[in-house]
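Engineer: Chains as they are written, first to last, in our numbering: chain A, 213 to 366; chain B, 553 to 740.
There's no promise every hint is true.
[Unchecked claim] Going by beta-carbon spacing under 10 Å, a handful of chain B positions derived as facing chain A:
hint: 1; residue: Leu651
hint: 2; residue: Pro654
hint: 3; residue: Ser656
[Unchecked claim] So these bits of chain B aren't anywhere near chain A, every CB distance computed over 10 Å:
hint: 4; residue: Ala601
hint: 5; residue: Gly603
hint: 6; residue: Glu618
hint: 7; residue: Thr709
hint: 8; residue: His721
hint: 9; residue: Arg738
Hint data in this document are derived by calculation from the structure and do not stem from the laboratory.
What you are looking at is a predicted structure, and each value in this text was computed from that prediction instead of being measured.
The beta carbon of each residue, even a glycine, is placed where N, CA and C say it ideally should be.
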Amino acid sequence: MTTITQLGPRATPRGNYVLLTADTLHLLLPQHEVGAAEYLEGTLEAAGQPGLMKVRGAEGGRRFAALSAEMTLLPQCPPGRFLVTPLGGGNDGLGWCWNELQILIDVELAFQPLPEVLLTADAPVTHYVELEGRLAYLCSAQQVSALASGPGAE
Amino acid sequence: MDAEYLGYVEAAQFDGATDTLPAEPVPDDAVQAAAPAAPKAAARVLEYAPGRHIALAPYATYALIENPDVARVPGAARYAYGLVTWQDKRLPLIDLNILLHPDSAAASSAAPRYALVVAYRNQARGPLAYGAVGLSALPQTVFASDEDQCALPADSTLWPQLALSCFRHEGQAVPILDAAGLFATRRD
Numbered sequence: 213m214t215t216i217t218q219l220g221p222r223a224t225p226r227g228n229y230v231l232l233t234a235d236t237l238h239l240l241l242p243q244h245e246v247g248a249a250e251y252l253e254g255t256l257e258a259a260g261q262p263g264l265m266k267v268r269g270a271e272g273g274r275r276f277a278a279l280s281a282e283m284t285l286l287p288q289c290p291p292g293r294f295l296v297t298p299l300g301g302g303n304d305g306l307g308w309c310w311n312e313l314q315i316l317i318d319v320e321l322a323f324q325p326l327p328e329v330l331l332t333a334d335a336p337v338t339h340y341v342e343l344e345g346r347l348a349y350l351c352s353a354q355q356v357s358a359l360a361s362g363p364g365a366e
Numbered sequence: 553m554d555a556e557y558l559g560y561v562e563a564a565q566f567d568g569a570t571d572t573l574p575a576e577p578v579p580d581d582a583v584q585a586a587a588p589a590a591p592k593a594a595a596r597v598l599e600y601a602p603g604r605h606i607a608l609a610p611y612a613t614y615a616l617i618e619n620p621d622v623a624r625v626p627g628a629a630r631y632a633y634g635l636v637t638w639q640d641k642r643l644p645l646i647d648l649n650i651l652l653h654p655d656s657a658a659a660s661s662a663a664p665r666y667a668l669v670v671a672y673r674n675q676a677r678g679p680l681a682y683g684a685v686g687l688s689a690l691p692q693t694v695f696a697s698d699e700d701q702c703a704l705p706a707d708s709t710l711w712p713q714l715a716l717s718c719f720r721h722e723g724q725a726v727p728i729l730d731a732a733g734l735f736a737t738r739r740d
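Using the sequences and the hints given, assemble the complete structure.
Structural biologist: See below:
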């Protein structure tokens, strides 16, 4: 199991991760916090609660969410977000929409702390890693899920 | 992305030199005709917003990156452009206008024309650390003396925390910022 709490500077925890891509945003979550991926079937529309969506025409049922590059909830699902995963056990019934998903098995990643001056008190990410020339931010399912219970979409 | 060096001064100059500008030789053409002239020290003046200036000690201004490639950081502070790459390092790049005037300055999603790399130490004789500030124009080197010292402007609540001193230049109060104070802590 991969544990990411209380990372020190330049931490290199070894484990299994899932790289989730939402356009220019790349998030790394421990693999055990990401549920099975499935394809999005249907078109999404606003579900009444800011930032949450449902399949067009469906009443009740599952809700979906999509992140912006700033890690805020988008009011609409951008084209290309056809992969859906539950996070953190899926107890919230929410499906998160991604462009791409990559599983990294037994990797040792050199996480770097973000400079303090860039962070806010409720910053959703605090560490990053360079992966094939792009920055991926370490995150937990709890941190992502908390966005859906916040004040709402951008 | 091009980096231009601004003339790095030996790291030893940082030691114990964070509270005053270092005395540097004044070029002949900068010496005022009136004599006797007060000793002058150099300062790097940055226009961080139209008509708004701050100064840094020259030894703290390390390099200039033109058209920096900026990686945005999700959920970062409003004044943060993100991370800029410089010499295989990822440095924080900040918008001084939003940092200093959060209520009046509009956030910009566009990267600035220049990123000025600033060097500082978090503790005396500690390793150099780096950050960067976004600029739309090149920094200027000016010379100031004790006679130019003036009170801090009243247009930002952060001046007392960030400014080491202040001098008058072309009729405007120009705070001299402490680079370590600028980058060492989170502010939101």
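Engineer: Output the indices of the hints that this structure fails to meet, ascending.
Structural biologist: 2, 3, 9
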